[in-house]
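For the protein sequence lines, the chains are V and E, in the order given.
Per my numbering, the very first residue in the first sequence carries number 1; after that it's consecutive.
Per my numbering, the very first residue in the second sequence carries number 1001; after that it's consecutive.
These are computed hints drawn from the structure, not numbers from a lab.
None of these values were measured; they are calculated from a predicted model.
Ideal placement from N, C-alpha and C gives every residue a C-beta, glycine not left out.
Wrong hints could be hidden among the right ones.
[Said to hold, decoys possible] Using 27 Å as the maximum straight-line C-alpha spacing, the simulated BS3-like pairs for lysine-lysine come out as follows: (1) V:K554 x V:K532; (2) E:K1121 x V:K781; (3) V:K301 x E:K1140.
[Said to hold, decoys possible] Examples of chain E residues toward chain V, derived with CB under 10 Å: (4) T1048; (5) R1065; (6) D1076; (7) T1080; (8) L1089; (9) F1093; (10) N1095; (11) L1096; (12) L1097; (13) A1104; (14) L1107; (15) I1110; (16) Q1111; (17) L1112; (18) Q1160; (19) K1163.
[To be verified] Some chain E residues judged to face chain V by a derived CB distance under 10 Å, without partners named: (20) D1057; (21) L1081; (22) L1108; (23) A1116; (24) D1168.
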Amino acid sequence: MDLFRLLYTVSLPRFREHPLRTALTIAGVMLGVATLVAVVLVNRSVVGSVQATFDDISGKADWQVAGGSAGIEESLLETLKEIPGVYKVTPIIQKTVRVSADRLDPERKTQLDGQYLLVLGVDFLGEDDEYFRAYGSQEVDAVKEEPLAFLNSSTNIVLSDKFANEYGYRVGDTVPLLTPSGTQDFEIWGFIREERIGRAFGGFIGVMYYQAAQVAFERGTLVDRFDVAVTPGADADAVRDAMLARLGPGFEIERPERRSGRVTKMLNAFQFALTMGSMIALLVGMFLIFNTISISVVQRKYEIGILRALGTTRRQILRLFTFEGTVMGVVGSVLGTGLGVVLAKVLLASVTESVGELYLQVEANKVHLDPLLMAAGFLLGIGMSLVSSLWPAKSATAVRPVETLRASPTPTMADATRPLGRADVAAFVLGAVSVLFLFQDPIWDMPLFAYGAMLTLTLTFALLMPRVVLLVHRMFRPILATFDGVEAQIANESLIRDINRASATTAALMIAIGMAVSSAVFITSFRDSTLKWIDQSVPADIFVTSAARFSGVKNNPMSADLLPFFMEIDGVESVDMIRIADLHFRDLPIKLLSLDWNVYKEHAQSTYVDGSFEMADPLLGAGSGVLIGENLARRCGLSAGDTVELLTPAGTRTYRVGGVIIDYTSDQGIIVMDRTAYIHAFGDTMVDTYELYLEPNGDLETIRSEIIKTYGATYDLFVLSNAEFKGELKALLNQIFAVLDALELVALIIALLGVVNTMLASVLDRVREIGVLRAIGTLRKQVRKMVVYEAMILGFASNLMGIVSGLVGGLVMLYSINTVQTGWVFPFSMPTIPIIQVFFLILVVAALAGWYPARQAARFRVTDALGYE
Amino acid sequence: MVFIELENVQKIYGAGQAQVAALRDVTLSISTGEFVSIMGPSGSGKSTLLNLVSALDVPTSGSIRIDSVDIGTLSDDELTLFRRNKIGLVFQFFNLLPTLDAFANVLLPIQLSRRANQEDKDRTKEILREVGLEKRIHHKTTQLSGGEMQRVAIARALVQNPKLLLADEPTGNLDTKTGRDILQLLRSTCDRRGMTVVMVTHDRQAANWGHRLIQLQDGAILGTETIDPQHRL
Chain V
1 MDLFRLLYTV SLPRFREHPL RTALTIAGVM LGVATLVAVV LVNRSVVGSV
51 QATFDDISGK ADWQVAGGSA GIEESLLETL KEIPGVYKVT PIIQKTVRVS
101 ADRLDPERKT QLDGQYLLVL GVDFLGEDDE YFRAYGSQEV DAVKEEPLAF
151 LNSSTNIVLS DKFANEYGYR VGDTVPLLTP SGTQDFEIWG FIREERIGRA
201 FGGFIGVMYY QAAQVAFERG TLVDRFDVAV TPGADADAVR DAMLARLGPG
251 FEIERPERRS GRVTKMLNAF QFALTMGSMI ALLVGMFLIF NTISISVVQR
301 KYEIGILRAL GTTRRQILRL FTFEGTVMGV VGSVLGTGLG VVLAKVLLAS
351 VTESVGELYL QVEANKVHLD PLLMAAGFLL GIGMSLVSSL WPAKSATAVR
401 PVETLRASPT PTMADATRPL GRADVAAFVL GAVSVLFLFQ DPIWDMPLFA
451 YGAMLTLTLT FALLMPRVVL LVHRMFRPIL ATFDGVEAQI ANESLIRDIN
501 RASATTAALM IAIGMAVSSA VFITSFRDST LKWIDQSVPA DIFVTSAARF
551 SGVKNNPMSA DLLPFFMEID GVESVDMIRI ADLHFRDLPI KLLSLDWNVY
601 KEHAQSTYVD GSFEMADPLL GAGSGVLIGE NLARRCGLSA GDTVELLTPA
651 GTRTYRVGGV IIDYTSDQGI IVMDRTAYIH AFGDTMVDTY ELYLEPNGDL
701 ETIRSEIIKT YGATYDLFVL SNAEFKGELK ALLNQIFAVL DALELVALII
751 ALLGVVNTML ASVLDRVREI GVLRAIGTLR KQVRKMVVYE AMILGFASNL
801 MGIVSGLVGG LVMLYSINTV QTGWVFPFSM PTIPIIQVFF LILVVAALAG
851 WYPARQAARF RVTDALGYE
Chain E
1001 MVFIELENVQ KIYGAGQAQV AALRDVTLSI STGEFVSIMG PSGSGKSTLL
1051 NLVSALDVPT SGSIRIDSVD IGTLSDDELT LFRRNKIGLV FQFFNLLPTL
1101 DAFANVLLPI QLSRRANQED KDRTKEILRE VGLEKRIHHK TTQLSGGEMQ
1151 RVAIARALVQ NPKLLLADEP TGNLDTKTGR DILQLLRSTC DRRGMTVVMV
1201 THDRQAANWG HRLIQLQDGA ILGTETIDPQ HRL
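Use the sequences and the hints to build the structure in full.
Below is the structure:
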């Protein structure tokens, strides 16, 4: 109760007395908490959406039987039915398909442009399907009674109610979808209720008869999987064993939830990196709390002295200041949690887009407001505020009553001039801990120790900040002495009046700069490596894809029938057909890339990390060998000459590793094989990218025009030159890293709030000094300059350490975090331009942050200022 | 020759019922080279008078002419430059910049105008020698005694060769002996340079170092007396 009374009588008036500073601090915590809450909610929403889709589609399935990425022969349906304990079995085809918006009327085109639809091929006519899922649709019931007309065409479809309601579709309308043979109009036969299966993939779902889907999407006699229900009362595991025994090796029989878990696991690294990024914003926010309480303690020494003289105990003082920080933390966390929900809604689209480019198509259009996660973000904000206020609060307890006689704070530069202070020792210890962390193995395949090292390294650099501030101060002194005006010199001298405060502010700014530089190191190294790889390994002149600029998650695989067309174009020398299929390999969701080895080896040269072209060529040429990406090799401990077993629709096949190559197609890993061998093993003839190599006299623009004129509209083609392909890749990387950029921006804004805060405090501390300066002839504009210069020198010191810490952090990201998360080792590239940009941006923004306090300082009435205290 | 001339000067603070007249209809003139002490009890208006003569503040009514310039007509920047070039100020609490050494504190007023050249630096050293601090030139102010800090403040006030030196309780924070030394320094320096000095003090002994004493009470001049040098101790 005493504490609350003290808070009410002592602290509340202080909050009121410095409304701007209080508001800035709360804003800092609010932004930090908001960023964290937004990121965790978005991550949860994306994963939740994937899981919900899996759950809605799987219905009552106990087991799902699959045969690898290419699919499984539908004829196995009868085999499965015969297995004792198998109660119901039904085949499923599952495919995300792009809506061909170009064919739609303008209003629908705007609404559905870029929209994907999850198409399910199910066995409407089989009795078993009914057991697994209900459609709640009169039209489906009618189809079941009179199936012939529905089965008559491979383009008949049933859509969700969402389509009917949101886009005004009616039974009998058509919806254009991209298929391997171009855009086809699918006739709508009915609608299913927006619940269970009808709400999967955000309600963007269509259901077809599976054999129609086989035709429309050129799947031959393959399906994606069988859903299996076990006879009630039977031992599910025993049934699984029986199925495995009957089918033989090479088949995956898994619980539906495990399949969804495997898919969402793919997102772990990406989501973890985002969470860490948001934690930095919170960390910077905590420096603001630390800074504000420190300022408060210094400015209120007089008051603390009086309180102590009146009998307030040290413990009460400690509690009072800790509580003040915590109160600001609570207010900031409450506001931050609310803002986080709003931010999450903004962020969701961007993250979903990035996940869609990198991993899988997700329809996460609603933020899942997980109360536990929100509470966790809220409590973390409060907890960190409490911890941040502890140290300055402790320093408040050291104030002796006699200090009431000393009205103005004394400079504390002596701390930093000591040969070795406590901060230096702590920095040394933390530095040593960081090194130790860097040599630890990953936990659960996550570089948790490396992330820990990033944190401890950040704190190490923060603890060294007093040294850097002093260094910058000393470095500037002789330089500024040569300047005409004295303003910069006074600014430089003022910097060390309270070196702890200057250090806390610069540390916060340094962390934000460090984060920006680290990610610039990572992005530049990633981009340079990727572009170099494309130059060497992907040198085609023209890239042709359908529905998306790159083959991978979003594109529409095309029919191989287009090959003769490309070959006959004047100026085309050769054509490679690239297919990138999903493959489960040793429990990793990797990519299997097939290409025409003879065409490829003519034009491109992979970089071999292990093995050689001479070793790989005969193996791939004969269809018995594969190349593997360095990341997969690192993860699975594979090297050239080893053998790998791949799951194919016909069971397991063994291939010899002809070489380990550098390849940046997928962060999950890649296996490369010849197309003929791929078709032979997987029965999949589709093509994701046609890569055209031109004759010396081949005119790129003429060839491009011809391709677009002939098939552009039908296939929604993207025809890119090599330079454009690289340009698009750069744009894609920028888009993927945009979220990280946004997090950096938030951290930077919070840090700059700290600069405003510090400069305001610095100005208030020096009211009398500024009064004296004005009295002896300092113009108002000179006072303004002094404060702005001081903010800029703070910015400079932050820049100096921020760049160093950013480069170190970048190396940790490249060689400790990234190698574990992706298996790739990117050679270091210096992000010179981004560093120069950040450097000058910080100076300018620091100057702007100093502007308001500078104006305040220049406005003091000289006579009032001289009478201050 | 008249150097400072106040004519019917009024200074009123606050508004409405809270109005307080700090100075009422004060008319006063101070000659070039004169050392004037101003005394009066708290609230008599002596600090207000000093602020007006220092060009730190402007009167509510009446006129103040310093060195033939009507300071009531000057803008804020013009007043600042006027102070910088014509007035030296000495305060009770010294008001030195704690992060600068003695030399940098004294050089500061010059540097506010321009980059200091060798001549400026030599003059700064000369003034510091004049106030007896030749051995403390590069000491931080925190390493100086009260008397030494006030000497630095006097040196700073003198460095621009001002025609007017204003001192607000310059010995108020010093012991008796140091205070006397400081007053002696002030008086001798000003006599030598022919400067006009206005000093506010509550100490009669200190006031006796001037040529003339003006007594203030309730914002008005109570009386003026010429000081007999014999009374100086």
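Going through the hints against the structure:
no., hint, result
1, V:K554 x V:K532, "holds (24 Å)"
2, E:K1121 x V:K781, "holds (25 Å)"
3, V:K301 x E:K1140, "holds (24 Å)"
4, T1048, "holds (9 Å)"
5, R1065, "violated (20 Å)"
6, D1076, "holds (7 Å)"
7, T1080, "holds (5 Å)"
8, L1089, "holds (6 Å)"
9, F1093, "holds (8 Å)"
10, N1095, "holds (4 Å)"
11, L1096, "holds (8 Å)"
12, L1097, "holds (6 Å)"
13, A1104, "holds (8 Å)"
14, L1107, "holds (8 Å)"
15, I1110, "holds (9 Å)"
16, Q1111, "holds (4 Å)"
17, L1112, "holds (5 Å)"
18, Q1160, "holds (8 Å)"
19, K1163, "violated (14 Å)"
20, D1057, "holds (5 Å)"
21, L1081, "holds (7 Å)"
22, L1108, "holds (7 Å)"
23, A1116, "holds (8 Å)"
24, D1168, "holds (9 Å)"
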